[in-house]
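Going left to right, the sequence shown walks through residues 1 to 201 as my numbering numbers them.
Worth flagging that the hints you see were computed from the coordinates, not collected in a lab.
Hints are not guaranteed to be accurate.
So the derived label-pair ranges between C-beta atoms look like this [to be verified]:
#	residue 1	residue 2	range
1	Glu3	Thr174	26 to 32 Å
2	Trp171	Gln86	19 to 25 Å
3	Thr144	Arg179	42 to 48 Å
Model, not experiment: these values are computed from the prediction.
Built from N, CA and C at the ideal position, the CB exists for glycine as well.
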Amino acid sequence: MLESYLTGLIVCGGIIVAIGAQNAYVLSQAIRREHHWWSAGLCMTSDVLLFSLGMFGVSAALMAMPQALVVLRWLGVVFLGWLTIQAFYRVFKGRASLEARDTASTTLKGVLFTTLAVTLLNPQVYLDTLLLVPAIGAQQTDSTTFLAGASSASIFWFGLLAWGGSKLAPWLATPTAWRAIDGVIGLMMAAIAVQLAVAGI
1 MLESYLTGLI
11 VCGGIIVAIG
21 AQNAYVLSQA
31 IRREHHWWSA
41 GLCMTSDVLL
51 FSLGMFGVSA
61 ALMAMPQALV
71 VLRWLGVVFL
81 GWLTIQAFYR
91 VFKGRASLEA
101 RDTASTTLKG
111 VLFTTLAVTL
121 LNPQVYLDTL
131 LLVPAIGAQQ
141 TDSTTFLAGA
151 SSASIFWFGL
161 LAWGGSKLAP
171 WLATPTAWRA
181 IDGVIGLMMA
191 AIAVQLAVAG
201 I
């Protein structure tokens, strides 16, 4: 039982860390302290639900509809491209000149929508949570404990991002640091979008 839990924790922890778009967005919200716990909580909930669905056989339905992944692929490319443009625009304009407008436009609804889009418009998320994780879980002696380990990995990781980012905020609240953060986020989003467009899934 413990072995299954640790397998889920380690394997799924590695998968979650590798999904860059989610991580970059949650971390950026945490550093800005803009509804970051809501964003992290939504990522945790989404992962737990997707892991559970995968373990209960939704992977078979996904395999039967490969065209759905193609649609998600290009929606993901467009959305990540838009996030890239926004990040580089902030780099160009500077955080100070955008502060008042950003404060007015950064609503909880907007943050939750973007978090959901970054999560669900990435086809790699479905391949990992609905196909790869169930395939590994099926080989465990206790699939329920494996699922608990996988869910724990998501909760620990996104909790760490939300907490760590907010703790770093006082040291990163300078115009130069903001430009660097937005530049890194922009580059990460662009790289993921290009990878999806060129290499597919």
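How the hints compare with the structure:
1. For the pair Glu3 and Thr174, the beta carbons lie near 47 Å from each other, so the given range of 26 to 32 Å is not met.
2. Distance hint check for Trp171 and Gln86: the Cβ-Cβ separation is about 24 Å, which falls inside the suggested range of 19 to 25 Å.
3. Roughly 47 Å separates the CB atoms of Thr144 and Arg179, a value that falls within the hinted 42 to 48 Å.
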